[in-house]
Amino acid sequence: MTATPTSSSRSYPAGGEAFPHKDLIGIAPLAPWQILYLLDEAEQWVKLNRSPLKHNDALAGLTIINAFFENSTRTLLSFEIAGKRLGADVVNMHAATSSVKKGETLIDTATTLNAMRADAIVIRHASSGATQLIADKVACPVLNAGDGQHEHPTQALLDALTLRDWLRSGACPVAKEEFVGLKIVICGDIRHSRVARSNILLLTALGAEVRVCAPPALMPYDIERMRVTPFTDFNQAIDGVDVVMMLRIQMERMSGPFIPSAREYRHLFGLTPERLKLAAPHALVMHPGPMNRGVEIDSSVADMLERSAITRQVEMGVALRMACLDVLTRRVRGVEGWGAPL
Amino acid sequence: MTATPTSSSRSYPAGGEAFPHKDLIGIAPLAPWQILYLLDEAEQWVKLNRSPLKHNDALAGLTIINAFFENSTRTLLSFEIAGKRLGADVVNMHAATSSVKKGETLIDTATTLNAMRADAIVIRHASSGATQLIADKVACPVLNAGDGQHEHPTQALLDALTLRDWLRSGACPVAKEEFVGLKIVICGDIRHSRVARSNILLLTALGAEVRVCAPPALMPYDIERMRVTPFTDFNQAIDGVDVVMMLRIQMERMSGPFIPSAREYRHLFGLTPERLKLAAPHALVMHPGPMNRGVEIDSSVADMLERSAITRQVEMGVALRMACLDVLTRRVRGVEGWGAPL
Amino acid sequence: MTATPTSSSRSYPAGGEAFPHKDLIGIAPLAPWQILYLLDEAEQWVKLNRSPLKHNDALAGLTIINAFFENSTRTLLSFEIAGKRLGADVVNMHAATSSVKKGETLIDTATTLNAMRADAIVIRHASSGATQLIADKVACPVLNAGDGQHEHPTQALLDALTLRDWLRSGACPVAKEEFVGLKIVICGDIRHSRVARSNILLLTALGAEVRVCAPPALMPYDIERMRVTPFTDFNQAIDGVDVVMMLRIQMERMSGPFIPSAREYRHLFGLTPERLKLAAPHALVMHPGPMNRGVEIDSSVADMLERSAITRQVEMGVALRMACLDVLTRRVRGVEGWGAPL
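Chains as they are written, first to last, in my numbering: chain A, 169 to 510; chain B, 169 to 510; chain C, 169 to 510.
Quick caveat, the hints were computed from the structure, so don't treat them as lab data.
Hints may contain errors.
A pair holds if it fits inside one copy or across any two, identical chains being indistinguishable in the list.
[What the hints assert, rightly or not] Okay, derived cross-link-like pairs now, SDA-like style, lysine to any residue, Cα gap no bigger than 20 Å in a straight line: (1) Lys215 / Gly502; (2) Lys252 / His223; (3) Lys351 / Gln404; (4) Lys215 / Asn282.
Turn these sequences into a full structure, and let the hints steer you where they fit.
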C-alpha cells in the first residue's frame, strides 16, 4: 500500500489499488484517509437520492442479505433502500424468527448465508464481536450494522458526512471542511453505546476535539484510554462546543441502578433550549434517532430548523450505506481501483 | 382548474393539468370525475395483470415505502405487488416491530421516511387521521391503506371498479355503466367500518342509492348526515337491491355490548341463500375479505360463481392500486397531464 | 407422452413436450426421468450462482408469492433468492401474522393469491396436504416448501443434486453418476420427517439402497410398505454405507415419550467420529440443517472438509429451486418444450 496521507489526511493511495478491507466491522481498523474516501464516495449518492429517479444499476446482479438478529426498523430500512437503489437483489433475514432460535450456532448461520452466495451481508447483532465472527467465516464483505456495545460504523460515518456537509456550508466559523479543531460533545449513555464508541474513534481520528458527558454510572471504566475529555456535568461539557451530539437513552436504563428517572435524566442531561445556549451560537444539534422527546432532547430543540441536523442524518445514512455497499463489492464486480478524489 | 364535469361526471379537465391531489387520504376530498379518472386509469392495469408478463417499468427508479402500523396481509400484499409490477423499489416497514414501539412519535417516523427520499408512502394505521398527519409532514404522496375508523379509499375504489366492470358486462338490467339509480345495501358494522365510510362516500357521489343495515349499536350516531337510508332489519334493507355489500365482522365485536353471539348475528344479519332471494334476481354479492364464513356470509353464497364478485374484488385491488401509485407519482417523474379519457 | 426412459432413466421424452406437472407437491408423483430432468436443469444455475454476476432475467415480469404459514428462515431465504436471481417480482406473505389468524380458510387465502395473479406460489404449511389443497384451487404452479409430515420435495431434490455432484467427482468408488447400488442410511425421526419421506421416495426411485434408522417410537408404522431396510441400531445401520444422511431432531421430541434426553439420543443415534468409521471410508455426511451440534451430529463430523456435504447442500438448494421455478413457469411464459439433455 503506497498510502501517502497528507497532514489533512485527504489524499488517496496512488491509483489502481483497491479499498484495503474486505469488511466494514468498525471505525477502529480504518485509516483517516479510508474514512474520508468513504465520505467522498457517498457524495455522488447524496446527489442521486435528491434527483427524481434515484436508481443506479451499479450492483445489478448481486445478492445482498440483511441479517438482523436484533430489531431495528430505521437501520434495516436504510440498508434495504440503499441496496435496492443500487439495483441489487436484496433479501432480509428476520433473525428474530430464524433458525438461530432453533439452536443453530451463529457460525452455521454465517456458513449458510455464504453458501447461498451472498455478495454482501449486513449484520446487526446484540453481541459485541458477532459481526467479526461472521466476517471471518464468509468469503463476501460483511457490514456491521451495530453489534452489541462494540461498534456501529455506518452511523459514525453518516454523522461525519452530515458534519462535513455542514462545515462546507460555512455555517461553522471555527472549522471549514476540516474536522481539526472542531469541538464536539457527545452526551448520554457513553458506556453502553456503540454509536458513541464509533463516533469517538472517527472524530478523534480526523482531529476533532471530543468531550463526552454521562452520569458516572454510564461512563466507561476505560474512558482514560480514549482521546476524549470526560464530564459528568453537562453544563460544563457543552460550554462553547460547535456540535452537540445527543445519544438515545434506552428505556431499560431509565430506572434502577443507572438513572433514577426520566425526569431526573432530562433535568441533568437533557438538551433543553436553555442548555443549548451554553454552546457556541452556531452549534449544530445531532441525534441518531429514534428520539425520546422530552427526555434526552426537548422538542423545541429537535425541531429547530437552522440548528438541528437530525433529519439530514437520516438522509446521509442512505447515501453513506450506498457508498459502503458499492466500495466493498467492487472486488466481486471486477471494478478495482480508486475513483478520482472528488 | 378548468374542470367541466358533465351530468354523468365522466369528463376530465381540459388537457395538460395534473391530478389535483398530492395524496390519497380518503374519498371525501375527491370530485366525482377524479374518482372516475382513477377507475379509468386502472383499466390498463387490469389488462396488464391478465397478460402473461404482468410487468411495466413506469415507476422504475422510484422508492415506495409500505409503512403498516397495523397488520394486514391482503392489503400489504396487494400494494407490494402493485408497486413491484410497476418496477418500483418497494420496501416494507413492519411497524409492529418498529421504532414506534421505542417511543418515537408518528411525526418523527414520517420525517424519517421522508428523509430517506421515498417517492410514495403507503400507510395503514389504527388511528383515524394518522395518514393525514403524516401526509402533512412529507413531501411525497401518501396513500391511505386504512386509518382507524376514518377511510379506506383504495377499498372503495376497487369496489367501484368491480361494480363498473359488472355494469358494463350488461348483467344488471337497471343500470348500464352508470352508478345512477343503482340500489346497493351495505350490511354490517357500519359504525366502526372505514370500508363502509369510504364506500358510502364514493357510491353516493356517483349517484347510487345506498342503504345501510346494522344492529342498532353498530349504526353511526350521525347516520342522518349521510345520504343513505338506514335499516336495522336486513330483510327490509335487502329487498330488491342490485348489489349486496357485506362487511367483515371483527371477532372482538362478536360478544359483549355489540352482538350477543356469532350465531345470533348470522340469524339476523348474515347473508344466507334465503335472504339473497329477497334481493333483485341479478343481485351481485360483494365482501372486502377476509370472510367469516358462516357468520356474516354463508359459504353457499360466497362461492356462487355467477353472483359473487369477491374474488374479482381482490383482482381489481391490485390494478386499482397500480393506478393510484402511477397517477400520484407522475409529478415526481415529470409525467404531467391527463391521459386521454378511455 | 412419449416418454422413453432407458434402464438408467436418463432420457427425456421426444422433443416439444412440456413438463407434465403443473405443481411440485411431492416426489411421489414424479417419474425417475422427471427427477433427473430437474437435476439436469439445476446444473446451469449452479454455474450461474458461482459466477460474479449471478442474475438472469428468465422470470422477469412474473410474480412469485412465498406463502409461509410455518416459519422457516433457510427455506424462505433460499426460495426468495432463487426467485430474485431469476428476475421475478418476489413477495413474501408472512402467514404467521396473516388473515389466516383472522379466521380465513386456507382455500380463501389460496383464492386471494390466485386473484392477485401470482405466476407461482411457494407454500410451507404445518398440515400435511395443505399444499395440494391450495394447488387444486389455483391456476398457477404451486411449489411445496414442506407440508406437515407429508413431503419436502425440493429438499430431496437438492440432496440428490448434491449427491450426484459428489458421484460425478469420482469420490465414491461404488457408484459413478448412477444412484443404482449406492448404499445410504437416513437416521433420525423417520416417523415425523417430511425430509425423510421425500428422500426415501426419491432415492429408491433412482435405484439407491436405502436404510432407515430410528428409535422404535420414531419409526413409521407403515415402514414395511416403503422400499427400505429399517434399523433401530445405528451401529448396524451405518455399517459400510456410502452416504450418511442425518435428520434434525426437533427440540419438542427431545423429552417425553419419544426420546429420554438429548444426551441419550446422541449416545445411541448421534453421528460421532467413532461411528462414522463404521461407514465406508469414502462415506459422505449430509444434514438438511439447521443442525443441533452435539446432539444428532458431532461438530468434528459436521466440519470435516472432505466428508461433510452440509454446506454444499445449502448451495445446491438455491440452484435447484431456481430450476423448479423456471421449469414450472414455462407454460405461462410461452417457453414450452424440453431443453436438450445435458
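Results for each hint:
no.	hint	verdict
1	Lys215 / Gly502	between (25 Å within a copy, 18 Å between copies)
2	Lys252 / His223	both (8 Å within a copy, 14 Å between copies)
3	Lys351 / Gln404	within (13 Å within a copy, 74 Å between copies)
4	Lys215 / Asn282	between (33 Å within a copy, 16 Å between copies)
Every hint from the earlier list agrees with this structure, and none is contradicted.
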